[in-house]
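J.: Heads up: the sequence shown begins at 1 in full-length UniProt numbering, then just goes up one per residue.
Hints in this document: simulated from the structure, not taken from any laboratory.
It is possible that part of the hints are untrue.
Pairs of lysine-lysine, DSS-like flavour, derived with a Cα cap of 27 angstroms [claimed, not checked]: (1) 32 <-> 81; (2) 28 <-> 68; (3) 68 <-> 81; (4) 164 <-> 109; (5) 32 <-> 228; (6) 228 <-> 217; (7) 28 <-> 164; (8) 81 <-> 48; (9) 48 <-> 32; (10) 9 <-> 28; (11) 164 <-> 68.
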Amino acid sequence: MDVKDIGKKIENVELVEAMHAVRENENKDTLKQLFESVVHAVFIVPAKFDQEPKPDENGKVTFQDGVKINFSLLTNEQGDKVLPCFTDYESMASSQFNDGFQRIILPYKQLEDLVFNSNGNISGIAMNPFTENCFISGEFIRQYRERSRTGLVQSKIKPGATVKLRTPKYQPIQMLDAAREYLADKENVDRAYIQMMEEQGQEDKYLVALEVNGDEKPVFAGLIPLMKPHSFGIEVALVRADNMLGKKVTEVTEPFYVRAGLEN
1 MDVKDIGKKI ENVELVEAMH AVRENENKDT LKQLFESVVH AVFIVPAKFD
51 QEPKPDENGK VTFQDGVKIN FSLLTNEQGD KVLPCFTDYE SMASSQFNDG
101 FQRIILPYKQ LEDLVFNSNG NISGIAMNPF TENCFISGEF IRQYRERSRT
151 GLVQSKIKPG ATVKLRTPKY QPIQMLDAAR EYLADKENVD RAYIQMMEEQ
201 GQEDKYLVAL EVNGDEKPVF AGLIPLMKPH SFGIEVALVR ADNMLGKKVT
251 EVTEPFYVRA GLEN
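The whole structure should be built from the sequences, with the hints applied where relevant.
T.: Structure, rendered in structure tokens:
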């Protein structure tokens, strides 16, 4: 009996297609599609409880106070413990976890939390381990979380590299709205600008330049997690408007944010 989101249909069609694409031809593009799909996915995770969940007077199955949840783990060839999860009920039903296990529905973010907070006891996430068997390592998760938390995406330009700036073909409206709302409370940020940056040998990225007074790091660290969910999987780089690259941005575009009182 499911104890969370009972009756909810779980499919993850885009993620399954992305996993197949990686298995057929693993490259930069297929991996990018995989990670863009997985962050929006919801999984079925096998577990056991020390007490059987009981329905209330309305028939709804809920956790009782004090119930302990033990997530099932697999051991890989290297002897590491990994967390299995499934993209749909059919994948789990055909696995060794079909009988004797409860099914919990969790979004990918919560699976990340389980791995990140395991102190190294869980080495990663195994998606559909008996079929597509796609693995996301704990080290990748830790690096990704650290990068998302600090928000310091360094835009270091190689000597002699050609950099081009252009206006985004499709304006990331939700991302810019999130940035405006956040910056409205920051008295030390006067203006914000955005361009697409093209650098030879690198993927295009959003380049956001901020006119900021004082230390920019706290502003960057708070802003990046709000922008990334709306960036369509494109990397977001932040720079000060008074460095060489930031100045170029301010010269070719109008600000998308201006602090109240500075409009004129």
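J.: Are residue 32 and residue 228 close enough, with their CA atoms no more than 27 angstroms apart?
T.: 14 angstroms, holds
J.: Given the hinted pair residue 9 and residue 28, is their Cα-Cα distance within 27 angstroms?
T.: 31 angstroms, violated
J.: Is the Cα-Cα distance between residue 68 and residue 81 27 angstroms or less?
T.: 20 angstroms, holds
J.: Hint check: residue 228 vs residue 217, CA-CA at most 27 angstroms. Holds or violated?
T.: 17 angstroms, holds
J.: Would the hint linking residue 28 and residue 164 be met if the CA-CA limit is 27 angstroms?
T.: Holds. Residue 28 to residue 164 sits at ~22 angstroms (cutoff 27 angstroms).
J.: Decide if the proposed pair is consistent with the structure: residue 28 and residue 68, CA atoms, cutoff 27 angstroms inclusive.
T.: Judged against 27 angstroms, a Cα distance of about 41 angstroms means the pair is violated.
J.: Checking one constraint from the list: CA of residue 81 to CA of residue 48, max 27 angstroms. Satisfied?
T.: 17 angstroms, holds
J.: Mind checking the alpha carbons of residue 164 and residue 68 for me, to see if they're no more than 27 angstroms apart?
T.: Distance of about 55 angstroms is beyond 27 angstroms: violated.
J.: Could you grab the alpha-carbon distance between residue 32 and residue 81 and see if it respects the 27 angstroms cut-off?
T.: Measuring from Cα to Cα gives roughly 25 angstroms; hence the hint holds.
J.: Please work out if residue 164 and residue 109 have their alpha carbons no farther apart than 27 angstroms.
T.: Violated: residue 164 and residue 109 sit about 35 angstroms apart, past 27 angstroms.
J.: Could you grab the alpha-carbon distance between residue 48 and residue 32 and see if it respects the 27 angstroms cut-off?
T.: 34 angstroms, violated
Checked against the numbered hints given earlier, this structure breaks hints 2, 4, 9, 10 and 11; the rest are met.
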